[in-house]
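Visitor: So you can see what is in the structure, the chains are spelled out below.
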Amino acid sequence: MDVMDLKITAELAKLALTEEETAKLSEEVARMLEYFSSMSEVDVTHLEPTNYVLQKENRTRIDSEKNESDIPDKILGNAPRREDRFIVIPNVL
Amino acid sequence: MYQTFIGLEIHIHLITNSKVFCSCRNEFGAEPNTNICPVCMGYPGVLPSLNAEAVRKSYQVCMALDCTLNETAIFERKNYFYPDMPKNYQISQFAFPFGINGFFDIDLGGGTVKRIRIHDVHLEEDAGKMIHSGGVSFLDYNRAGTPLLEIVTEPDLASGEEAEIFLQQFRQMVRYLGVTDGNMEEGSMRCDANVSINEQGKGLGIKTEVKNLNSSRFVNKALEYEIKRHTKVISAGGTIIQETRLWDEDRNVTRSMRTKESSNDYRYFPEPDLPPYLPDKDFLQEVRESLVELPLARKGRFMSEYALSESSAAFVTGEKEIADFFEKMVQHGVAPQTAARWLSGDVQKQLNLSGESLKASALTPERLSRLLVMVEDGKISRDAAKKVLAAIFTENEEPEKLVKDLGLEQVSNKEDLEKVVSEIVNAHEKVAEAIRNGADKQIGFLMGQVMKATAGKANPKIAQQLIKNNIFKQG
Numbered sequence: 001m002d003v004m005d006l007k008i009t010a011e012l013a014k015l016a017l018t019e020e021e022t023a024k025l026s027e028e029v030a031r032m033l034e035y036f037s038s039m040s041e042v043d044v045t046h047l048e049p050t051n052y053v054l055q056k057e058n059r060t061r062i063d064s065e066k067n068e069s070d071i072p073d074k075i076l077g078n079a080p081r082r083e084d085r086f087i088v089i090p091n092v093l
Numbered sequence: 001m002y003q004t005f006i007g008l009e010i011h012i013h014l015i016t017n018s019k020v021f022c023s024c025r026n027e028f029g030a031e032p033n034t035n036i037c038p039v040c041m042g043y044p045g046v047l048p049s050l051n052a053e054a055v056r057k058s059y060q061v062c063m064a065l066d067c068t069l070n071e072t073a074i075f076e077r078k079n080y081f082y083p084d085m086p087k088n089y090q091i092s093q094f095a096f097p098f099g100i101n102g103f104f105d106i107d108l109g110g111g112t113v114k115r116i117r118i119h120d121v122h123l124e125e126d127a128g129k130m131i132h133s134g135g136v137s138f139l140d141y142n143r144a145g146t147p148l149l150e151i152v153t154e155p156d157l158a159s160g161e162e163a164e165i166f167l168q169q170f171r172q173m174v175r176y177l178g179v180t181d182g183n184m185e186e187g188s189m190r191c192d193a194n195v196s197i198n199e200q201g202k203g204l205g206i207k208t209e210v211k212n213l214n215s216s217r218f219v220n221k222a223l224e225y226e227i228k229r230h231t232k233v234i235s236a237g238g239t240i241i242q243e244t245r246l247w248d249e250d251r252n253v254t255r256s257m258r259t260k261e262s263s264n265d266y267r268y269f270p271e272p273d274l275p276p277y278l279p280d281k282d283f284l285q286e287v288r289e290s291l292v293e294l295p296l297a298r299k300g301r302f303m304s305e306y307a308l309s310e311s312s313a314a315f316v317t318g319e320k321e322i323a324d325f326f327e328k329m330v331q332h333g334v335a336p337q338t339a340a341r342w343l344s345g346d347v348q349k350q351l352n353l354s355g356e357s358l359k360a361s362a363l364t365p366e367r368l369s370r371l372l373v374m375v376e377d378g379k380i381s382r383d384a385a386k387k388v389l390a391a392i393f394t395e396n397e398e399p400e401k402l403v404k405d406l407g408l409e410q411v412s413n414k415e416d417l418e419k420v421v422s423e424i425v426n427a428h429e430k431v432a433e434a435i436r437n438g439a440d441k442q443i444g445f446l447m448g449q450v451m452k453a454t455a456g457k458a459n460p461k462i463a464q465q466l467i468k469n470n471i472f473k474q475g
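Chains as they are written, first to last, in our numbering: chain A, 1 to 93; chain B, 1 to 475.
Bound-form chain A, shown alone (with noise of 0.2 Å):
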């Protein structure tokens, strides 16, 4: 795989690679792509993409609200940091 888009799917990822990790993975991620490869060479022209494999008619659901009283306090409660309501985590912007 070239380094290049190695580096790039590395930062997708959120993955901090250095110089010797991204030698070694450029190498091996290239065997594993080879093999994936492979589908490559089934011909599918005659064949409509599957999406899906188990639909039979749409889903949906009414549109009405559920009011679980203790479920948000619960999400809250799992959160590190906390305002009043607000979760709180170190800025981003």
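Treat the hints as calculated values from the structure; they're not laboratory data. Watch out, some of these pointers could steer you wrong.
[Unchecked claim] The calculated BS3-like cross-link candidates involving lysine-lysine, where the alpha carbons are at most 30 Å apart (straight line), are:
| # | chain 1 | residue 1 | chain 2 | residue 2 |
| --- | --- | --- | --- | --- |
| 1 | A | K14 | B | K129 |
| 2 | B | K87 | A | K74 |
| 3 | B | K78 | A | K66 |
| 4 | B | K207 | A | K56 |
| 5 | B | K379 | B | K473 |
| 6 | A | K7 | B | K207 |
| 7 | B | K129 | A | K66 |
| 8 | B | K414 | B | K387 |
| 9 | A | K14 | B | K211 |
Mind docking chain B on chain A? Use the hints.
Guide: Chain B alone, transformed into the frame defined by chain A:
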């Protein structure tokens, strides 16, 4: 001379009871983090389920924009890391949205209509709200997962002014449909604009995108600023850098956001937790039948059917509730011009005073129609009708009762008026004599006396006729 190309991405908040993929309440301005659940907070193992009403409203917009509807619409994950979305992806539509290849006609006035092509209409979920303060950011996820419909135009707009007109008329249209309240200040309608310029006939140039535009006026100003900036750069032989810029409304300039281009890859893939949506014939038929007459068509009809002027028709059809109100008044026998004049004049004045919407006010088409029919029939004067109108807003009473309570009924009864007239004429014999000798203008003096004697309630037409009869009969 350069040619300008502007495209808009408009987001509208759909009016629903619940969020688009979970049952949390969809409301503006609630206490932070009260409308949240494991689904919209991205907990592991949860399943999104699609809100039928959000789908229905999406298709209404697609149809109003004459889109081609995909037989199969597919939800996809748009991946990005930012704390406004706890899942680290936004469920959206990408390759197969609900609607594609539509158009919206904008009315540039004086009978000029410009067709703007619509690239696509897709349904997605909104992100949460972040407040940045000092070293920390505050997160409120009430908005995360609320239904958002994105409408993308082709770059067919040629100026900031056209973009502003597009937004105003588009907002009017979606409010007619009742799918959104379209409030740009509250963020229930948002707009990003992209713009490029190029030499005539050379096609699109390199574009920049402008964000942070929370009124149609700012869209216009920001685009005009960008067009000038592009022109300056290109005229000097430079090239435009493709980038996202923010509108700074305090300084009236756009500023570069400096984003890393390499991370601008959303790696869309089909959402495995939501089946594709296949609109069936019955559903589409039902949605089509639910569509209302849209503003541009209604304006044209009001001009031809009711002979309203263009400006008058534009005012009356500006909001659906006013147009509906107007047509009810016409059904109740009010002349179209009279109805339009009152709605754009005194009614508007009263609404501004009370700060109410027409719908929430005490004024109904029936009440206003009966009031105006009284004017037409000479039962009350136009000035009296204005007083009654004001009283309807404050007292919430029927116009007939108010006319009585305020003592505004005109005296049209001939016998009563004759008595007053003959007393006045007898008391001013010299004036009567002068009128008999051709001093017509003096009739005004006698009219004034009659009005004074009746506290202004005499029907002026009848009173004048009676004065003349009286004077010339004696002569």
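Visitor: Honestly, which of those hints from before does the structure not fit?
Guide: 4
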